[in-house]
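Engineer: Protein chains in written order, with our numbering: chain A, 158 to 641; chain B, 13 to 392.
By construction, these hints were calculated from the structure, which means they are not laboratory data.
Glycine included, every Cβ here is placed at the ideal spot set by N, Cα and C.
Treat the hints with caution; some may be incorrect.
Ranges between beta-carbon positions, derived for each pair [unchecked claim]:
hint, chain 1, residue 1, chain 2, residue 2, range
1, B, N72, A, C302, 33 to 43 Å
2, B, N268, A, E228, 51 to 61 Å
3, B, D119, A, E480, 51 to 61 Å
4, B, N72, A, E519, 25 to 35 Å
5, A, A486, B, L122, 43 to 53 Å
6, B, T187, A, A486, 34 to 44 Å
7, A, E454, B, L355, 56 to 66 Å
8, A, E519, B, E45, 21 to 31 Å
9, B, L122, A, E573, 11 to 21 Å
10, B, K376, A, G249, 25 to 35 Å
11, A, D471, B, D119, 52 to 62 Å
12, B, K386, A, E519, 51 to 61 Å
13, B, N268, A, A486, 56 to 66 Å
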Amino acid sequence: MKGKQIQSKDKHIHQLAAIVANTRSILYKKEDLLAYDCDGFTIHKHLPKAVVFPKNTKEVAELVRYCCQNELPFLARGAGTGLSGGAIPLNGEVIISLVKMKNLISVDLENRRAVVEPGFVNLKLTNSISDKGYYYAPDPSSQSCCTIGGNVAENAGGAHCLKYGVTTNHILGLEVVVPTGEIIEIGDNGIPDAPGYDLLGLITGSEGTLGIVTKITVRILKNPEAKQTVLAYFDDVTDGSQAVSAIISAGIIPAALEMMDKTAIEGVEAAAFPVGHPKNIAAVLLIEVDGISAGIEEQINQILSVCRQFNVRDVKVAQDEQERSRWWANRKTGFGAMGAISPDYLVQDGVIPRSKLPEVLERINQISEHSGLRIANIFHAGDGNLHPLILFDAKIPGETEKALEAGSACLQACAEVGGTITGEHGVGIEKREEMRFVFNEEEIAAQTTIRSVFNPVNLLNAGKLFPSPGKCVEIKMEKKAAIL
Amino acid sequence: MIIEGGGTKKGFGGLVEHADICLSLKDYKGIVEHNPGDMTITLKAGTSYLEVQNYLAGFNQMISLDPFANEHTSIGGVIAANDSGPKRLGYGSARDAVIGMRLVYPDGSLIRAGGKVVKNVAGYDMNKLFIGSMGTLAVISEITLKLRPVANYQSLVLISFPAGNLDVIKQFVVTVLDSLMEPITLELLSPTLAAKLTGRREYTAAIQFEDVESSVHYQTTYLENLKPEGGTFTILQQEDANLFWQAFYDLYPGLNAENKTKSAALKVGLKNMEVLELLEVTERLESGQIHLLAHGGLGHGISQVYLYGESDRILSAIQEIRKLTSAKGGYAIVKHLPFSERLKINIWDESPSYFFLLKQIKAKVDPNNILNEKRYVGGI
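Use the sequences and the hints to build the structure in full.
Structural biologist: Below is the structure:
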């Protein structure tokens with residue numbers, strides 16, 4: 158054992174330290190643990206028992222087995238950028254942090270795949286292969302710091318997922334330590350459709366409740382030959398949303414198709430990257446197409462003609478890369494930009510069928526009026542993923558609760574038009590109760606039954622993803638207590 | 013209980029010939045909901061796959077799957093068997109297209125998985141469990157799929173390579189894959205299969221492009237300039253490309269009544285470039301006693317091999333092919349084989365190391381083993 162002595166009377170701390178064979182690979186003092194009491198969802202906090210930093214799969218498996226034998230709750234954590242609280246140690250878990258397992262193991266351009274450790278940062282993969290003209294498609298907005306292991310846990314999305322799919326569409330193989338400590342290899346060699354139930358698909362997006370991923374084989378893609386970006390302004394949200402459907406129906410799947418409403422535009426224009434959007438418009442669309450250079454102009458012309466058909470007020474094509482980057486910076490910093498017009502904001506993550514957009518925006522308007530809080534809408538319009546940003550001031554007593562209620566009401570509105578409660582942020586702790594908007598008891602039981610196959614004693618990341626039967630009231634009170 | 017759709021996959025797995033009940037979903041058909049603006053469709057499981065594609069063509073939309081189907085093939089069967097063809101290179105497979113399901117569990121309860129929207133991370137991605145599960149976990153009653161627009165234009169390029177040197181093919185394919193072109197298929201046909209479809213008994217690459225017209229022409233021109241010496245280059249445009257693919261899918265032995273007895277089909281998974289080695293093996297096995305047709309996706313690694321001959325010849329050829337797949341860490345699933353022969357071979361190839369989890373999933377979901385007994389991996 159290297160480094161200084163462990164100063165703890167807890168035998169488990171000593172044992173865990175022995176497994177990772179380095180006293181610097183474990184945190185157990187309160188002041189060190191504070192940084193791990195929550196993730197990107199900061200409303201709920203709890204201290205872990207310890208944080209351990211294994212260096213390889215063998216150590217992860219040993220840690221898991223130790224926790225099992227000693228009935229210690231545990232969970233895995235990557236960069237901690239999750240927005241729904243999936244990595245919060247609700248039960249005083251031992252956190253198995255995977256940030257030291259951050260190697261790019263191999264790149265195989267011929268077979269278009271790369272193998273990474275879970276702590277490898279998303280953007281670093283693209284950076285490692287971009288000189289050869291390749292990239293890794295899933296690009297959540299936290300991609301400069303989030304890990305691919307975390308992306309697998311959350312089935313992360315990103316701006317390109319309209320055309321290229323979310324994380325699950327890019328995972329070819331996983332090495333997983335299951336909660337009993339066995340190491341399994343799914344999709345050996347990254348060959349798709351291996352015989353047997355699709356555990357790759359099941360584990361991806363399971364929010365760290367079915368196992369700990371220790372090695373990931375991902376698909377990599379060739380960069381598109383060309384791309385082009387368009388801004389379109391509409392006086393009427395319905396026109397804008399109909400244009401979205403019509404563009405895709407015209408045979409074009411844009412790489413990205415984003416929408417912002419009036420309040421969101423006010424926010425981004427007041428923030429760091431204004432681009433001069435007109436003040437009195439109802440919606441702006443940011444549309445990007447990519448692909449074969451010879452086809453781009455034809456696609457852009459089609460998009461322009463669709464926009465005109467739906468009464469676009471003004472439409473412009475980015476003249477150069479600089480202009481394109483400015484438009485994207487304006488959009489991508491949209492959440493943070495709300496800080497320019499409101500002290501606090503809460504972001505939600507509903508999904509709706511595209512055609513229901515006008516109806517849902519009207520509902521969100523009513524929710525806003527009812528709560529007395531302004532709500533801005535930033536929308537991955539192409540795939541129906543709506544991010545209502547509820548603007549509030551936490552310093553005003555009761556306003557945080559109102560914001561939470563309004564957020565939940567927005568999700569209910571999404572669910573009621575045939576949508577869902579989360580498109581890319583995950584359920585975690587935040588939306589456990591909202592799961593009832595989309596699934597009944599039996600359907601939730603069908604899912605927890607699957608969990609019990611992998612996680613029979615439920616020591617791994619317990620209390621996440623599912624509402625606890627009969628405990629809803631208790632959780633709501635907990636939530637309230639955490640805010641107060 | 014045996015579950016059946018259009019009956020075109022009766023030769024796919026299944027070691028039990030009799031059951032108390034055959035639950036046929038043949039008449040459980042129709043569109044539950046089609047939202048053209050949302051580009052999603054919900055179908056009853058027994059709906060004819062080809063009928064629904066024809067219907068969607070009227071909206072310039074499609075289900076982006078290209079299974080080996082005829083007029084009897086049901087969408088439920090396509091999804092339960094996770095069938096896919098060459099176009100999965102461009103469009104993905106069932107796991108990329110299915111966004112929701114309605115299932116009847118073995119205890120009779122109705123369970124929804126996923127939803128009706130294209131992006132959804134609420135709860136476990138339960139859809140994945142049932143895709144390809146051969147009806148061993150639940151009866152798929154409805155399926156919701158995301159649709160794609162039909163591209164404005166399509167062309168199929170057929171490039172045949174002069175006999176012998178696989179390195180030339182590999183070099184060509186690597187160049188295409190490393191280029192900026194965006195092929196929807198990059199399927200290599202064995203000489204025997206090419207002979208049936210094009211009349212030339214040579215390794216032939218079938219490369220499809222679907223996009224706006226200018227982009228398609230640009231890409232076919234690129235390929236023309238890349239064409240290897242001594243090779244032939246043919247472009248089939250629009251409807252001609254469709255006719256080629258129709259003939260291609262029709263060759264699948266499970267669909268062809270006259271072949272039903274002395275034929276077999278394999279789905280083989282390998283790494284992309286290993287497809288070349290597979291086709292070399294099938295070419296070598298071809299003899300007076302056994303006839304093999306094969307094709308494989310050099311961009312996705314999934315191949316199909318059709319075998320015709322006396323059953324002992326077929327079985328020994330499968331063993332030969334499995335020598336290759338097992339050495340490479342791939343697999344060869346027997347997709348089609350008459351019942352009497354299925355008992356003599358492991359249909360699903362080696363069970364994975366994590367089979368204990370699969371077995372427990374089956375035991376938890378279907379504890380009384382009611383659905384499609386012994387239809388799946390490792391006797392599940």
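Engineer: Hint by hint, note whether the structure agrees.
Structural biologist: Going through the hints against the structure:
1. Distance hint check: the CB atoms of N72(B) and C302(A) are about 42 Å apart, consistent with the given range 33 to 43 Å.
2. Under the hint 51 to 61 Å, the C-beta atoms of N268(B) and E228(A), about 59 Å apart, fit the expected range.
3. Against the hinted window of 51 to 61 Å, the Cβ-Cβ separation of D119(B) and E480(A) comes to about 59 Å, which satisfies the hint.
4. Range check, N72(B) to E519(A): about 29 Å between beta-carbon atoms, so the 25 to 35 Å window is met.
5. Remark: the range hint 43 to 53 Å for A486(A) to L122(B) is upheld by a beta-carbon distance near 47 Å.
6. For T187(B) and A486(A), the hinted distance range of 34 to 44 Å is satisfied, since their beta carbons lie about 37 Å from each other.
7. About 60 Å separates the C-beta atoms of E454(A) and L355(B), a value consistent with the hinted range of 56 to 66 Å.
8. A hinted range of 21 to 31 Å holds for the C-beta pair E519(A) and E45(B), which are about 22 Å apart.
9. For L122(B) and E573(A), the hinted distance range of 11 to 21 Å is satisfied, since their beta carbons lie about 20 Å from each other.
10. For K376(B) paired with G249(A), a C-beta distance near 29 Å keeps the hint of 25 to 35 Å intact.
11. For D471(A) and D119(B), the hinted distance range of 52 to 62 Å is satisfied, since their beta carbons lie about 58 Å from each other.
12. Between K386(B) and E519(A) the beta carbons are some 54 Å apart, a value that agrees with the proposed interval 51 to 61 Å.
13. A hinted range of 56 to 66 Å for the beta carbons of N268(B) and A486(A) is consistent with their spacing of about 58 Å.
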